[in-house]
Amino acid sequence: MTAATYFEDVVVDKVQLTPAITVTAAHVEMYEGLTREMGSGGIPDVLPLCLAIGLGWRVKDPPMAVQAFVGLDWKIMKELRVGDTMHTRSRIVSKRPLRDGGLVVDERTILDQHGEVVQQGKFTFLVAKRQKETSA
Amino acid sequence: MADLRRYFEEIELGEQYESPGRTVTEADIVMFAGLSGDYNVLHTDAEFMKQTIFGERIAHGLLCLAIQSGLFTRATAPYATLGFGGLRWKFKAPVKIGDTIRLRAKVVDKKNLDKPDRGQITLDRTILNQRDEVVQQGQTDLVVQKRP
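Heads up: the sequence lines are chains D and P, in that order.
Take the first sequence: its position 8, counted from the start at 1, is 4 in our numbering, and no numbers get skipped.
Take the second sequence: its position 40, counted from the start at 1, is 45 in our numbering, and no numbers get skipped.
Read the hints as simulated data drawn from the structure, not as lab findings.
Just so you know, these numbers come straight off a predicted model, no measurement behind them.
All C-beta atoms in this analysis are idealised placements derived from N, C-alpha and C, irrespective of residue type, glycine included.
Some clues are possibly wrong.
To be verified - Label-pair distances were calculated between CB atoms; the ranges are:
| hint | chain 1 | residue 1 | chain 2 | residue 2 | range |
| --- | --- | --- | --- | --- | --- |
| 1 | D | 126 | P | 17 | 46 to 54 Å |
| 2 | D | 126 | P | 79 | 38 to 46 Å |
| 3 | D | 53 | P | 19 | 36 to 44 Å |
| 4 | D | 57 | P | 102 | 24 to 32 Å |
| 5 | D | 21 | P | 122 | 25 to 33 Å |
| 6 | P | 21 | D | 57 | 43 to 51 Å |
| 7 | D | 7 | P | 44 | 20 to 28 Å |
| 8 | D | 5 | P | 12 | 49 to 57 Å |
| 9 | P | 21 | D | 0 | 37 to 45 Å |
Turn these sequences into a full structure, and let the hints guide you.
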């Protein structure tokens, strides 16, 4: 099993920055081919959100042991254009233990190359607790 | 060419739509992992997933959210949409390879925005699977152009 950040090790208020990705016409074409969403000429608004979740794994810390994506509360502030380079910032807002695992609210912000906020909102994840050591 | 898009004024509260179905395939999940860079084991490791409550790989939540966005354009005549304003969304049940999902949507709110050429349409959206189980549900705010 690869290293993971379990619920107990999630630190509230911790901020992490991801690497950046340049959004290209190829991303738009792949996205439109996959979703069959009609092209509007620009970047579909859900595409940066999809890229944000991928970027979220490319951080220094081991990834959270996410068992399920529970919910999303999201706002689109600014249109992104082909050729723009986005990165994301995440901040753990809260954590709440459940019997199995716990809920973690993670505020994600998508920023462009000028540092302007493009999209922002909160992800709620169900995160696994560390497995108890079993005696052999 | 005739403009078939529907403007803010033409969209009425209470309108309901249901989309055709779409079967979510392994190829959809692999493509989405490649596009988004989300290679989480939930979506890519069949052996690991055999040991979980899901029993197999599940589709990315955002893949189904993106698919419903495409299904919406097949459920009704296109809106004169300028963009998404925001969304509030719950992932309620997993979508597995071979499941067929469809979208049910209803217009629940209309309001003017600061800019006089556009308004906001809020839709309740429900994604159902082939057993009519709700797999995702939420609200989306669309910014729609007013008639020029």
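Against the earlier hints, flag every one the structure doesn't satisfy and list their numbers going up. Nothing - there is no hint that the structure violates, so all of them hold.
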